[in-house]
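Chemist: Residue-level listing of the chains:
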Amino acid sequence: MKTKHYKYFTFFTLILLCSISANAEDLRKIVSLSGNWKFSIGDDSRWSDPTYDDSGWDQITVPGQWEDQGYNDYNGYAWYRKSFRIKEIPSNTTIYILLGRIDDVDIVYLNGRKIGSSGKFPPDFKTAYDRDRRYIIPADLLKENEENVISVKVYDSYLSGGITDGPTGIYIDEDNELLDLNLSGKWKFHTGNDKTWKSADFNDEDWKTINVPSAWENEGYEDYDGYAWYRLEFKIPQNFPSGELYLSVGKIDDIDDVYLNGEHIGNVYDLRKKSWMGVQYTGWEWTMPRAYKIREGLINRNGSNTIAVRVYDGQGLGGIYEGPIGIMSAENARKYKNKHHNNNGYNSFWEYMYDKFFGNDNSNND
Amino acid sequence: MKTLLSKNKKRTLFISLIILLLSASGKAFVSEDNLVRLQGLEGKWQFSIGMNEEWASPKFNDSNWESIGVPSPWEDEGYNGYNGYAFYRKKITVSSKYKDRMLYLNLGYIDDVDEVYFNGNKIGSTGSFPPNYSTAYNAERIYYIPAEYINFDGSNLIAVKVYDSEGEGGIVSGDIGLYGGKTAANLDVNLQSTWKFQPGDDFRRKESDFDDSGWSEIFVPGKWEDQGYRDYDGYAWYRKSFVFHTTTGNEKMVLLMGKIDDIDQVYINGTFVGSTGTFPSRSREEASTGQEWEAFRGYYIPDGLLKKNQKNVIAVRVLDTGGDGGIYEGPVGLITQTKYIEYWRKIKKEGN
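Residue numbers (numbering that gives the first Met the number 0), protein chains in the order written: chain A, 0 to 365; chain B, 0 to 351.
Hint data in this document are derived by calculation from the structure and do not stem from the laboratory.
Incorrect hints may appear among the rest.
Claimed, not checked - Label-pair restraints from in silico Cβ distances:
1) B/S95 x A/K28: 50 to 56 Å
2) A/N144 x B/E285: 55 to 61 Å
3) A/N144 x B/K310: 27 to 33 Å
4) A/G315 x B/R283: 28 to 34 Å
To be verified - Sample of chain A residues lacking proximity to chain B, with all beta carbon distances greater than 10 Å (derived):
5) R84
6) L158
7) D193
8) N260
9) I298
As the structure is a prediction and not an experimental result, all values here were calculated from the model.
The beta carbon of each residue, even a glycine, is placed where N, CA and C say it ideally should be.
Full structure from sequences and hints, please.
Modeler: Spelled out as structure tokens, the structure:
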């Protein structure tokens with residue numbers, strides 16, 4: 000669903016994204032999913048079943064809008080299916096599926112299990128046509144050297160429809176190599192804000208689970224803006240490297256406060272260069288890579304530890320949306336920040352420009 | 000009193016407007032561009048002045064009627080000075096080789112108002128008969144003929160009721176004939192017929208027990224400008240009750256609403272089924288619409304909503320933000336999802 004206006008808007012957004020992408024996560028494709036997919040218009044919940052026989056289905060090229068592939072004028076539901084094999088499932092990393100952009104709404108199943116969704120299906124329709132689809136694949140869901148089946152249910156309101164453009168494939172995040180302990184995966188999640196949620200002994204049993212890293216809009220919180228908390232309990236493995244440790248919580252939209260075992264270890268503004276006489280420069284928080292130093296003695300190397308992250312999202316996508324998530328050495332934390340930061344402490348050209356326009360008075364006082 | 004000159008002027012204006020619209024959008028609604036002429040229907044038609052409901056039926060014997068030339072104003076065919084009602088009738092054979100296509104009857108330009116029957120079934124109407132008379136002399140008549148009304152390879156009867164207020168009258172000009180469009184959807188319930196219609200906006204109108212007996216009637220599909228609502232822009236509601244006869248199991252059904260100018264919300268038995276475009280949150284706000292009017296509507300009906308072999312009510316809220324308005328192009332009706340998938344596969348094949 001896009002009008003001409005939206006097209007210009009998309010174009011502008013694309014330019015914006017391109018300029019930021021130099022700083023985006025380092026994804027490496029391990030399986031390509033572009034090319035021929037099975038396709039049928041209509042909607043049937045059985046079509047998510049990996050054993051469903053789709054041999055009689057039509058074929059379609061992905062990415063590409065279905066209007067250009069014989070379905071001109073078609074609006075409504077359609078399903079895409081594709082199977083793929085993977086020789087060796089990479090370990091100790093985060094595996095993603097990228098499906099480019101989907102017009103308007105989608106829900107994605109891998110081997111019959113839902114792995115992500117964007118937008119809202121009717122009756123409360125909401126498009127997500129301009130959002131990049133990137134969902135975490137739970138490692139236990141992938142089968143090595145066997146057929147894996149992806150099924151994608153799409154709803155298009157009108158105009159172009161389907162998996163329209165952008166990269167499609169299975170990817171791993173190369174930044175995960177910086178981690179000594181990968182903590183991405185299922186975390187506990189609760190919307191709202193309560194300061195008792197930071198403490199290590201808070202009982203979060205009845206909280207919902209959520210994939211980390213992934214914008215919460217992809218995880219069923221489509222319209223949610225405001226406060227939310229993430230929690231995770233973890234243990235340090237035996238023979239863990241000694242020395243100074245950092246906790247990386249990747250990139251967060253927008254503002255975070257990170258607690259380890261009840262103690263505040265950082266927030267995004269701790270990472271900002273404080274050169275403006277105490278006046279905090281705000282904006283572009285969502286582009287900042289977060290790796291916070293863990294003070295000596297705070298982490299429990301033998302028992303359990305609890306991370307609590309309070310997130311405030313002003314608008315648009317929200318939450319811990321990009322990795323690496325986990326424990327890393329001081330050296331790797333520096334590498335990670337350097338890779339995603341330029342030397343001025345600005346995270347992108349746009350952040351720099353923003354500062355030049357709106358932060359002038361402060362820098363003169365410097 | 001309208002003169003020929005002003006008529007032609009208006010017609011030229013209308014045609015240039017259409018051309019402008021087509022070139023601007025690149026996509027046409029039912030226009031001759033998309034249609035292939037299969038069979039000419041010019042020549043002698045049976046004709047009688049007056050009006051009688053029986054004359055629409057194929058059973059009526061018109062052998063002692065007069066034959067007149069079509070297209071031509073009846074003033075030129077011996078009825079100079081006649082104004083009022085008249086009927087045209089013609090028998091045609093439709094070859095079964097056209098069975099998979101959408102078939103249309105092109106009756107060119109009719110002065111002023113018409114109502115068209117195919118084998119006794121009303122397939123369309125343009126303009127508005129007295130007492131709420133409204134002319135549509137400058138609208139081209141292209142009517143979709145639902146396949147279920149057609150007796151393929153046999154005899155079929157076209158009956159056209161015409162009302163002329165003044166000046167020229169009858170089927171006056173155009174490329175009269177049977178035309179073929181794209182692949183036809185094999186509808187389970189054809190809803191191309193007379194609906195209840197009321198301008199204005201009121202959400203109580205979506206309820207199945209809402210009393211619409213005082214509403215006027217309109218033929219769907221067809222823009223409302225051609226059916227007595229000239230220059231009307233804004234909100235309007237359509238309602239239609241029908242019995243869903245079915246012998247099939249619990250197959251998913253799709254409601255085809257064709258094309259609607261500009262945006263719509265559709266309810267079945269009071270429950271929301273689908274929508275195209277964004278309505279303003281309050282009716283007084285201005286709506287912003289784009290290309291919604293070109294979008295083909297196929298709404299998947301939630302399971303369990305349609306009552307089998309019982310009465311169901313469809314209510315459609317339409318907002319027209321300017322120009323033509325209403326449910327203006329078919330197919331309109333219910334189809335099983337299985338047949339709908341086949342339909343699109345055929346369309347794809349046809350396009351390649």
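Chemist: Hint by hint, note whether the structure agrees.
Modeler: So, going through the hints one by one against the coordinates:
Taking 50 to 56 Å as the suggested C-beta distance range, the pair B/S95 and A/K28 conforms, at roughly 54 Å. Checking the proposed 55 to 61 Å range against A/N144 and B/E285 shows it holds: the Cβ atoms sit about 59 Å from each other. As the Cβ distance of A/N144 to B/K310 is approximately 57 Å, the hint placing it in 27 to 33 Å is violated. Taken as a hint, the range 28 to 34 Å holds for the pair A/G315 and B/R283, whose Cβ atoms sit roughly 30 Å apart.
For A/R84, the condition that its CB be more than 10 Å from all CB atoms of chain B holds, with the nearest at approximately 29 Å. Non-interface status of A/L158 relative to chain B is broken: a Cβ of that chain comes within 10 Å, the nearest being about 6 Å off. In this structure A/D193 is separated from chain B by more than 10 Å, as the shortest Cβ-Cβ distance comes to about 33 Å. Under the 10 Å C-beta cut-off, the non-interface status given to A/N260 relative to chain B holds; the minimum distance is some 47 Å.
The beta carbon of A/I298 sits about 51 Å from the closest Cβ of chain B, which is more than 10 Å, so the claim that it is off the interface holds.
Taken one by one, the earlier hints fail for this structure at numbers 3 and 6, listed in ascending order.
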